[in-house]
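I would like the entire structure built from these sequences, with the hints used as guidance.
Line order of the protein sequences matches chains D and R.
To convert, count from 1 in the first sequence and add 392; that's my numbering.
Letter 311 of the second sequence, counting from 1, is numbered 306 in my numbering, and no numbers are missing.
Check each hint, because a few of them may be wrong.
[Unchecked claim] Subject to a maximum C-alpha distance of 30 Å in a straight line, what follows is the list of computed DSSO-like cross-link-like pairs (lysine-lysine):
| id | chain 1 | residue 1 | chain 2 | residue 2 |
| --- | --- | --- | --- | --- |
| 1 | R | K564 | R | K548 |
| 2 | D | K517 | R | K169 |
| 3 | R | K25 | R | K287 |
| 4 | R | K25 | R | K82 |
| 5 | R | K256 | R | K343 |
| 6 | R | K548 | R | K257 |
| 7 | R | K406 | R | K535 |
| 8 | D | K450 | R | K169 |
| 9 | R | K501 | D | K409 |
| 10 | D | K471 | R | K169 |
| 11 | R | K171 | D | K450 |
| 12 | R | K126 | D | K450 |
| 13 | R | K171 | D | K481 |
| 14 | R | K169 | D | K409 |
| 15 | D | K409 | R | K459 |
| 16 | R | K372 | R | K578 |
| 17 | D | K450 | R | K174 |
No lab work stands behind these hints, which were simulated from the structure alone.
Below are the chains, spelled out letter by letter.
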Amino acid sequence: MTLVESTVTELTLKYGKERRQLLPILRGVYEKFHYLSDESMVEVARQLDISSAEVFGKATFYSFLSGSPQGEFVIRICKTIVCDMKNKKLIVDTLENLLKIKMGQTTHNRKFSLCYTNCLGLCHKAPAMLINNEAYTDLTPDKVRQIITSYKNR
Amino acid sequence: MENYITLTIDNREVTVPEGTSILQAAHKAKVNIPTLCYHEDLCVAGNCRICVVEVEGSRTLTASCSTPASNGMVIHTSSPVVRNARKDIIALLVSEHNTQCTTCYRSLNCELQSLAAEYNVDNTRYLSVLKPNIQVDRSSWSIEKDDSKCVRCQRCVRTCSELQHVNAITVAHKGKDMKISTFMDLPLNEVVCVNCGQCVIHCPTGALTERRYYDDIWEAIGDPNKHVVINTAPSVRVALGETLDYPPGQRVTGKMVAAMKKLGFDSVLDTDFTADLTIMEEGSELLLRLKKAFRDKENVALPMISSCSPGWVKYIEHMYPEHLDNLSTCKSPQQMFGTLAKTYYAHKIGVKPEDIVSVSVMPCAAKKYEANRPEMKASGFQDIDAGLTTRELGRMIRQAGIDFGKLEDEKFDSMMGDSSGAAVLFGATGGVMEAALRTVYEIVTGRPVPFKNLNIMAARGLEKIKETSILLKGCKPEWDFLEGVELRVAVAHGLKNARTIMEQIKRNESPYHFIEIMACPGGCIGGGGQPIPTNDAIRKKRIAAIYAEDEGKEIRKSHENPEIVQIYKDFLPEGPLGKKSHKLLHTHYTKRNRY
Chain D
393 MTLVESTVTE LTLKYGKERR QLLPILRGVY EKFHYLSDES MVEVARQLDI SSAEVFGKAT
453 FYSFLSGSPQ GEFVIRICKT IVCDMKNKKL IVDTLENLLK IKMGQTTHNR KFSLCYTNCL
513 GLCHKAPAML INNEAYTDLT PDKVRQIITS YKNR
Chain R
-4 MENYITLTID NREVTVPEGT SILQAAHKAK VNIPTLCYHE DLCVAGNCRI CVVEVEGSRT
56 LTASCSTPAS NGMVIHTSSP VVRNARKDII ALLVSEHNTQ CTTCYRSLNC ELQSLAAEYN
116 VDNTRYLSVL KPNIQVDRSS WSIEKDDSKC VRCQRCVRTC SELQHVNAIT VAHKGKDMKI
176 STFMDLPLNE VVCVNCGQCV IHCPTGALTE RRYYDDIWEA IGDPNKHVVI NTAPSVRVAL
236 GETLDYPPGQ RVTGKMVAAM KKLGFDSVLD TDFTADLTIM EEGSELLLRL KKAFRDKENV
296 ALPMISSCSP GWVKYIEHMY PEHLDNLSTC KSPQQMFGTL AKTYYAHKIG VKPEDIVSVS
356 VMPCAAKKYE ANRPEMKASG FQDIDAGLTT RELGRMIRQA GIDFGKLEDE KFDSMMGDSS
416 GAAVLFGATG GVMEAALRTV YEIVTGRPVP FKNLNIMAAR GLEKIKETSI LLKGCKPEWD
476 FLEGVELRVA VAHGLKNART IMEQIKRNES PYHFIEIMAC PGGCIGGGGQ PIPTNDAIRK
536 KRIAAIYAED EGKEIRKSHE NPEIVQIYKD FLPEGPLGKK SHKLLHTHYT KRNRY
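See below:
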């Protein structure tokens, strides 16, 4: 049994094999591998006995699931107007500088990915970003440096 | 007890059962509301918003297809605000659309085109935001997918899922990036697509079309060294008229033959002949399996399932590869025809098989794929050179400038042109079953089937799965082991119903001996190569035409077709299932991936 097969098996044992469990299972696969490979989507389709196209359709709909390898920590920066007005540009520059990657890229050690996201609903504490499921607000370059350092040491 | 409600649509009062949508209520009030994502065959999606109407007291416009009518509603379907909204929606769709209507195959039969014309949409209202560099997927032998013409109504996705349960295509990504996609956007020939073409006849635009081969046919016709033979499937003659301005359900057999002769085909023959041959082979195969099961007590794959529908064949190869033994080994009538055209026929008329171009006209997209299967070369050449759809033949007739309505009826050429009424039945769901029973019962008992006028009504109609049984009594001595056996049969059409049948077989609970399965809803008359639109009302008309054609034939049983008797005498002297039959008329199947 490959790692993908055993991972999906564990997840289907946990959640069941009904069609409605597709999303929790995809999230589980993503958490384990930090992306959804073709192989893993076919395996989910096989175990739930649905078409692989259907799995692909659902997987591509959700921003928090990705078909290309992502870092362990995905940093999502709000791209909407309030964060823009509160100097989001400076935050992006700081992040790119610290991690030596551009927006949309992943570090070589697969630790961090940088990307934009739609409004996080934290406009009153702009600029804001998410690192995986954790929200960080009222960002300044200094604050960003501290946060990244703490993640680098994890 | 159903509750009824009354509402007013465009100043007309109409009473409908509770739960009726505004769109259906309007239909009842004879008010026409334009639609795009809506299709009678499919569940409501409500994504295109073309069908919006004004409901008095409601702040916003309402999509009529997805909103249930309620008591006392007052609705306006054509007020200025409604018309302007529709116009805007259409203009937005057009702004994303590849509007090269001059070169589009669906031009003049395109729902977006006619809506845009009807609403007098100004093409400059919005800038074109058509995505550049969209590649047409021409990987499949059967289907072309051109995303630049897609309006994302998702009728194809619903078709593939609800009617066929194949789910080869899906809605992928979201927002402006949303598109109809296969798994990982792979080419169609690499995914579970069974080529049935149902997506094609449900597509409102030219985004999904059959791959067209008629230019190759024109080349062949023009080549003096080639002998071009054409054969037409039973269901083409009851639908071709629709592509040439006839109403649905009009039989145009004689005119169709005349038109094909005018187009320049060297010989115009009939797939119905090989449909009769299929019955001889498949009927004999069923009897052989029954003999092994009942007399020899051997382990034999029952129920036997028909193999005429190439969409169905590819479906079972993908979805139930462990049950391929249940499939009859008979080739489809098209492929039997191809093999014989380049052996039996070539020999008789004294033409080298390599100089014969065999063309078939089919109601089908999957037949194109079938013709190109690597195993379909029993004659030593590609048995069928090109499979056209009913629509393509209609197109060729128009291209040639033939005034179809004024043609005098003509008859098929002889040798592989004669057929029985039973063969015609192949065009409708249940037809193969009915034709097979007419022959099998008579082989076993020596008497015609005990139904009035030979009509086996239980096999007819659009019910999802039809089943019946026939008691074998007074069997001939050589079939005495079947005495008193109740031959149980079932008929399914549309792959969703096929799945029900197959799940039953998988659980080992199938009570049947013989099952007919056709990939398309309604059978071949509703095939993926048939005129657009196709819906249940039209299917019923085409089916009625099939039965009328059968009743109009003098010979109505396959084994009584004189050309069939002849071919077994001259060419297949060992009879059905003989060595030569096995080589030429039977085939094998390939296990494929389900996911």
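So, going through the hints one by one against the coordinates:
no. : hint            : verdict
1   : R:K564 - R:K548 : holds (24 Å)
2   : D:K517 - R:K169 : holds (28 Å)
3   : R:K25 - R:K287  : violated (59 Å)
4   : R:K25 - R:K82   : holds (22 Å)
5   : R:K256 - R:K343 : holds (20 Å)
6   : R:K548 - R:K257 : holds (25 Å)
7   : R:K406 - R:K535 : holds (26 Å)
8   : D:K450 - R:K169 : holds (10 Å)
9   : R:K501 - D:K409 : holds (19 Å)
10  : D:K471 - R:K169 : holds (18 Å)
11  : R:K171 - D:K450 : holds (16 Å)
12  : R:K126 - D:K450 : holds (23 Å)
13  : R:K171 - D:K481 : holds (25 Å)
14  : R:K169 - D:K409 : holds (26 Å)
15  : D:K409 - R:K459 : holds (28 Å)
16  : R:K372 - R:K578 : holds (10 Å)
17  : D:K450 - R:K174 : holds (12 Å)
Hint violations for this structure: number 3 only, all remaining hints satisfied.
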